[in-house]
Amino acid sequence: MTRVRTYHLALIGVAGLILLVSLVRVLTGFDDLTSSGTVGAALVLAVPIALAGLGGLWAERAGVVNIGLEGMMVLGTWFAGWAGYQWGPMAALAAGLLGGALGGLLHAIATVSFGVDHIISGVAINLLGPGITRFLSEVLYKEGTPASEAGAGITSSPAVRGETPTFDLPLLSSGPDLLGKLESTHWFLVADVAGVLRGLTHGISVLVIVAVLLLPLTFFVLWHTAFGLRLRSAGENPWAAESLGVNVYRIKYVAVVLSGAFAGLGGVFLVFFTDKYVEGQTQGRGFIGLAAMIFGNWRPGGLAGGSALFGYASSLQLRSAPAVNTFFLFGAVLLLVYLGLQIRRLTSADRPVELAAPGPRQYTLMGLAALGAVFLIWLWLTIDQLPNDFIFITPHVLTLLVLLVASQRLRMPKADGVSYRRGEQH
Amino acid sequence: MPAGLNRALLTVAGAAVAVVLAIAICSVAIVVAGGSPFDALAAFFDFGNSARAESNSVATFLNRAVPLFIAGLAVAVGFRMNLFNIGVEGQYRIAAICAAFVGSTFTAPAPIQIGIIILVAAAVGGLYALIPAVMKVTRGVNEVISTIMLNYIAIALSAYLLREPFAGERAEGQLNTTTPPLPESGMFPDLNFVFEWFGMLPPTRNGGLWGFLLVAVALGVVIWVVLERTRFGFTIKASGLNSPAALASGVNPKKMIIAAMVLSGAIAGLIGLPEILGDRGAYTNNFTAGLGFLGIAVALLGRNKPVGIAFAALLFAFLDRAQGALQFADIPASVVTIIQGAIVLLVVVANEVTNRVALRIEERRAAQQLGRNTPVEVAA
Amino acid sequence: ACGGGDGGGTTASQEPTGASSEAPKDALKVGLAFDVGGRGDKSFNDAAYTGLEKAKTDLGAEIKELSPSADGSNRGDLLRQLADAGYNPIIGVGFAYGEDIKKTAEEYPDIQFAVVDSASNAPNVTGLLFAEEQGSYLAGVAAATKSESGHVGFVGGVESDLIKKFEAGFVAGVKSVKADAKIDITYLTPDGDFSGFKAPDKGKVAAEKMYQDGADIVYHASGDSGLGVFQAAAAAKKKAIGVDSDQRQTVKESDLQSVIMTSMLKRVDVGVFEFVKAFQGGAKGGSNVTYDLKVDGVGLSTTGGEIDDIKDKLDAAKQDIVDGKITVPAKP
Amino acid sequence: MSADTLATARPAVELEGITKRFPGVVANHDIRITVQPGTVHAIVGENGAGKSTLMKILYGMQKPDEGTIKVNGTEVSFRTPSDAIEVGIGMVHQHFMLADNFTVLENIILGAEPKRAGRLDTAAARKRITELAAAHGLRVDPDRLVEDLGVGDRQRVEILKVLYRGARILILDEPTAVLVPQEVDELFQNLRELKAEGLTVIFISHKLDEVLGIADAITVIRRGTTVASVDPGDVTARQLAELMVGSELPTPETRESTVTDTVALRVSQLTVEADGHHALPKGVSVGDYAARLRSEGKRLLLDEVSLQVRKGEILGIAGVEGNGQSELIEAIMGIRAAHGRVELNGRDISGWSTLRRREAGIGYIPEDRHRQGLLLEASLWENRVLGHQTRKPARNGIWVDRRASKADTQRIVEAYDVRTPGVDTLALALSGGNQQKLIVGREMSGEPAFLIAAHPTRGVDVGAQAAIWDHLRDARAAGLAVLLISADLDELIGLSDSIQVIYRGRLVAGLDPREITPEQLGGYMTGAIAGNEEM
Ligand SMILES: Nc1ncnc2c1ncn2[C@@H]1O[C@H](COP(=O)(O)OP(=O)(O)OP(=O)(O)O)[C@@H](O)[C@H]1O
Ligand SMILES: Nc1ncnc2c1ncn2[C@@H]1O[C@H](COP(=O)(O)OP(=O)(O)OP(=O)(O)O)[C@@H](O)[C@H]1O
Ligand SMILES: [Mg+2]
Ligand SMILES: [Mg+2]
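If you read the protein sequences in the order shown, they are chains A, B, C and D.
Here the first sequence stands for residues 949 to 1374, numbered as in the working numbering.
Here the second sequence stands for residues 167 to 546, numbered as in the working numbering.
Here the third sequence stands for residues 4 to 335, numbered as in the working numbering.
Here the fourth sequence stands for residues 41 to 575, numbered as in the working numbering.
Simulated from the structure, these hints should not be mistaken for lab results.
Please read these numbers as outputs of a predicted model, since none were measured by experiment.
Don't be surprised by glycine CBs; every beta carbon is placed ideally from N, CA and C.
Any given hint might turn out to be false.
Listed below are the simulated BS3-like cross-link pairs for lysine-lysine, each with C-alpha atoms no more than 30 Å apart in a straight line [claimed, not checked]: (1) K471(B) / K338(D); (2) K420(B) / K432(D); (3) K155(D) / K471(B); (4) K1129(A) / K185(C); (5) K316(C) / K297(C); (6) K420(B) / K471(B); (7) K32(C) / K1090(A); (8) K1362(A) / K155(D); (9) K446(D) / K302(B).
Calculated from the model, a selection of chain A residues having no Cβ within reach of chain D, i.e. all distances over 12 Å [stated by the list, open to error]: (10) L967; (11) L975; (12) M1038; (13) L1162; (14) T1166; (15) V1169; (16) G1183; (17) L1192; (18) N1273; (19) G1279; (20) L1289; (21) A1321; (22) I1325; (23) T1330; (24) M1360.
Covered by chain B, according to a simulated footprint, are these stretches of chain D (three or more residues, beta-carbon under 8 Å) [claimed, not checked]: (25) 237 to 251; (26) 437 to 451; (27) 481 to 488.
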């Protein structure tokens, strides 16, 4: 019953958000806020983050902190590029998964078998990933090698052979492109919904579909199968699991290797998106993925939310820097809504006792909110284009703000990061 | 104390084995790459074949160790309390640009000038670290996320500062953006004379061996004393080992989070100074980045203890120095990174193993002294 | 103080001597230190290497090239190691070497240095400068002339002053043809975060937006990120302009080659080779050599023949710049 | 089943010559036990005698170094618990083995999940659990989170876990340590039913009268080896105790009253909200506020608790775990936010920090020594400093006075008979009892005015127990006020000058320990007997 309620709440939240964005769009005229292009790019930018986050989710649900996702992702990109240029996309996929999984295996050996501090092992893998790939490039892609003839350099692989298929929703997003037509009307709300839907359905690579499906699949496996129950038990109380005959070591190995594979898949995705391996193309997404996973309270749904937020902000920032200004208005509206709710709560008769008399703290908060709203509106009215440097950090600032505002009832798996040894109780 | 000595010996032995193993692994890689591991090994110890080259190499080696050591200290202060300050990276960047700028705005006698620069750097670093600390304490925001985000924000912020308010004059045709140069009194005197003590040719360059080395050593000693001898250090240790127990014993966890984070950030603020005060005399857009992340590895390798961190920093610097020498020997310089990663991993594995052995020895000792290991004779 | 043309100063009788006396006086040992990324980046490091290799084959030079560490913290050390090993002259590739070259040059006054993209700052340093803004101006002219929509774009990798030179020249070029043209400008990362040169995905997203909004030609100065720009162009069936080298040749994918209308060439190879040659001829540093349109140090590539039809117009613009009738701004 | 018929003939479990060595310790040495099927077989022994180790060996969690195990007559060799589960052995551990963030159902089915088409078949599991629970009188709600359960419920979940796997041989390692008498009775009733169904139960306890009440056979273990196998009909509790320790069982008897008239600690209307602390509305008294919360159906962890402890008095708090004891002591310590007033020696300390309260002379023996009492990876002397870091002898200006701390730790080690090689030894190398003695010694130093002693002898063997009791009594005689919380009712009755019963966050009865039996006390604690509601 509670699940139904949170699910409903989430839907209402999304609807409210679209309404709000739509309002802001109409007020400001920045159509890119909800254009299919922005949404499509947001999706593409969110996917590698979500995949890295999934990697984190699997490992941490099994009780192993994985800060080495970045290194594993780097391995994924390199191997995908290396196999892809020789044998095509399927090979790239397999090799990338394997590369990431190898990183995961290393992490598993260190943390599970040797009980090494999880953070240290992750940091080491973050050193090793770029080191190994650079070394391999220096050996395999140096001048005079066949790869070099095919277009490789020390910092990039040759292009992946063959195409990865893409997908469109017939009628709606392609051909007659009904959604596209609706979107270009710029009608309040209608165009926004159309834009979002079209962005999510137009020219989508299969890998995006796979990646997006992995989220519900993860939810299903972890929360609705026996294997998932055992895996989570290893993250909550491995000693209890052990006492019931669960092979905790094996579970942890599987989880961490899969975790690496997911990070590797994120790497493959990047390689497919740009057609080749480019040194440094992961751009810290392993860390961002980890952050998105924590942001999402170690749950697939929350992770999706975290990566979507980040992807959307990055997309907007890259595509339409001036539109970022509208966030000021957006923030002001949110603050005003908050103020309105507070005032209604205070004036309503049947208020809960513990909120009966707002303390000075509450008045301060409300005062700050009012001030903030005024300040944001002032910013919005006076600034016509933020310096680029500030535009670049939109996603990061937004993430911090959401974290600050959202209630912090994060609950990590209880035995997360604990080094477990068979037969030794806590 | 024999138990402690025993453990120390074991640790050292473990670390040595780990380093050897790491080298072995890299040797395999080098052979696969078609190189000779012996050449590579020689390259690590090849400090050049002229007196001048040697002293240059030694200076390079030590100069690299200085910021790594400070970065390791900064990270360790947080880690001792289980605070994952991933944000050292951003903290030192912001601190460096602010300190370089403030230092360039006035001229005072060297000790005052340098002292103020150091203070500004520490203050800015500490303030920047205060943000995630306050977020954690008031809103429970996980410091891993917030510091990761703040790193990116620091990069953009410093780019902005460097371009707009803190920009300095530039020579025609120079594309580096920099803050205004520090006055002569802002440059930290170098330690080139030290080379003569060892019968070496001092480096000819100004600031060959950075004087900031002395500050780093002093900082290491101070941090050691603070962590190991003071009440503050004790509360940090207690909070890190068992936070509920610390809470029950009257330690205020919120205050400790803020204090440890700010201290960590203040130390982080100094990471960029050796380079600025010893070499560049300004913050530029190609200021060395990434030391904060390397600091994590160094701190963990040094087991979050100042002496260990010093060794780890020296080891990393020693390996880094060989990047050029390796290329002279036609060996890919990336083996350095591989060795560093492998050493971090293997040393902790070795630590883990030796720790267990040491623990077992200690338990046995305890049990023996209590005579618990002899089952009683009983008449049933 | 920009020196023009082939920087051959007066021939000095005195021969350059290396720091190490072991080197035979007549041997030509050329050392080169790359910028971050190093050799094999298919970009300007490789261009520099091409020039170095030419020096080896044509001038019989003994060569050594070193790449810095990933964080670039050891640039100065690489220069010193080359100097200590007896290399003379020594070339630093990239403006980031400016400061380090200056210091090293003071320590090794007997050795000649050169730095690509930065001005001379010591008597034994030659600055190898490139008038990117002039080349970009031509790219702008080409883009504006070829554009049907009157809407073009520019993608810069990192918002540094170097890349802004490209932007400034390009914008001036476009405006010279169509004063009312719409120009979208996007940078991928702030200055100091050099990942913008390695982010093809970001390049693709940024360019995609420009094409969606109606731009039909996008010029990039973003290193490896340009790959994403080309892909966006290919997907939108529009055109792009490459940078540094003739990317229609260096990019191997045939579908991408065909979208590269032209490339703004920056002849770092020429700069490096000419410097070594001049050194052999006894030239001394202390001045800059600017590779501009006059000496064809920058220019547009013609592979694919897509700009052949507007050759006259481009030549005219070039002539105006060479004659000084047009001064191209180096800052936006 | 043939196994059942065979089982009547052969012993359910035969352990022969079991030896298990840990580094430096021989936990089990040549143990021999034979357990007949369909019986309750008790194993008794001091702390650290090796009982748990032996059971872990039988359950496949640890491998014996020597010896053989036979189950139903067949020799077995277990590699993991799953091997033991397979032959029908189930174990309820001394410390709960439950994942807090899982539901009861998830905890029960873990490792033996029913599946349908690859999915967890929770419906089938729920049905099965409900059936099992009904059949054995083990009430549980399968869909509740374990973290919301009290200890009794948790115990039942543990037993259901075992039954769910169809175990025929049950190992219960100190199942009664955390239960009140009524719950113990309920458990024993369940055990008898299980026995009647032909199951075999191996039962471990320190509480000898319980053992005598339920067991069909008893094996005594001392220092890792079997000392005796006796028939419960033939021995008394005292004789059993003598077999266990070779000495007479001490009892916590208070001598003459030392209670004075000076109130050391006064607590008034202490109230703790369940869903987060809210500031008290202006002008509203704690009483009104609490009344309003109650009227809204909000849960209160502590509901207007008022009490006072006088100098020289030990006030015992009786209650089933989870009825507000933890909240009470944490509120007094200032670890948890609460409404109401706390006064120490007449001064209002409600707004003070934990540190300031400690400095003012409150000592604190926490309920869970590993969680709240010790730095396991630090040396003994550093543990001595803990909680005293701002006071002499640990403090010297901004420094920790290492020499003085060590000297004072040495004093504690001697005075409290902490068995340790030295004060530099890490705390984790000490046995639980010795760790506890160190904590008691630490909290008694600096002459506290008031001491909170939560389960001061939990899991401590008889010798150490007596020593700790003596220390408490001596301090009381010297004028110390003590708030004693204990699950051991004998201890509570024996030590306290007066007893308050806490039930659902309220003090429901004030009792005189001289006139009450553990059974009556248990009645108040479980709400079976209505309290006289605050004297
Ligand atoms: N994992 C272990 N490693 C080392 N020593 C151990 C370990 N487990 C138990 N011991 C040792 O074996 C002895 C027996 O421990 P065990 O837990 O079996 O005692 P017990 O009889 O169950 O005590 P209690 O009544 O306190 O539960 C302990 O005193 C301890 O010294
Ligand atoms: N998991 C373990 N690993 C190592 N040593 C252990 C372990 N468990 C127990 N010991 C050792 O056993 C001894 C005491 O164990 P144990 O905890 O059984 O004592 P105890 O008196 O039963 O205390 P408690 O009641 O707290 O369990 C100590 O020497 C301790 O080091
Ligand atoms: Mg025990
Ligand atoms: Mg036990």
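Verification of the supplied hints:
no. : hint               : verdict
1   : K471(B) / K338(D)  : violated, 49 Å
2   : K420(B) / K432(D)  : holds, 25 Å
3   : K155(D) / K471(B)  : violated, 51 Å
4   : K1129(A) / K185(C) : holds, 25 Å
5   : K316(C) / K297(C)  : holds, 16 Å
6   : K420(B) / K471(B)  : holds, 23 Å
7   : K32(C) / K1090(A)  : holds, 23 Å
8   : K1362(A) / K155(D) : holds, 26 Å
9   : K446(D) / K302(B)  : violated, 36 Å
10  : L967               : holds, 31 Å
11  : L975               : holds, 38 Å
12  : M1038              : holds, 26 Å
13  : L1162              : holds, 17 Å
14  : T1166              : holds, 15 Å
15  : V1169              : violated, 9 Å
16  : G1183              : violated, 9 Å
17  : L1192              : violated, 3 Å
18  : N1273              : holds, 38 Å
19  : G1279              : holds, 27 Å
20  : L1289              : holds, 18 Å
21  : A1321              : holds, 25 Å
22  : I1325              : holds, 31 Å
23  : T1330              : holds, 38 Å
24  : M1360              : violated, 10 Å
25  : 237 to 251         : violated (count 0)
26  : 437 to 451         : holds (count 4)
27  : 481 to 488         : violated (count 0)
This entry does not satisfy hints 1, 3, 9, 15, 16, 17, 24, 25, 27, going by the numbered hints stated previously.
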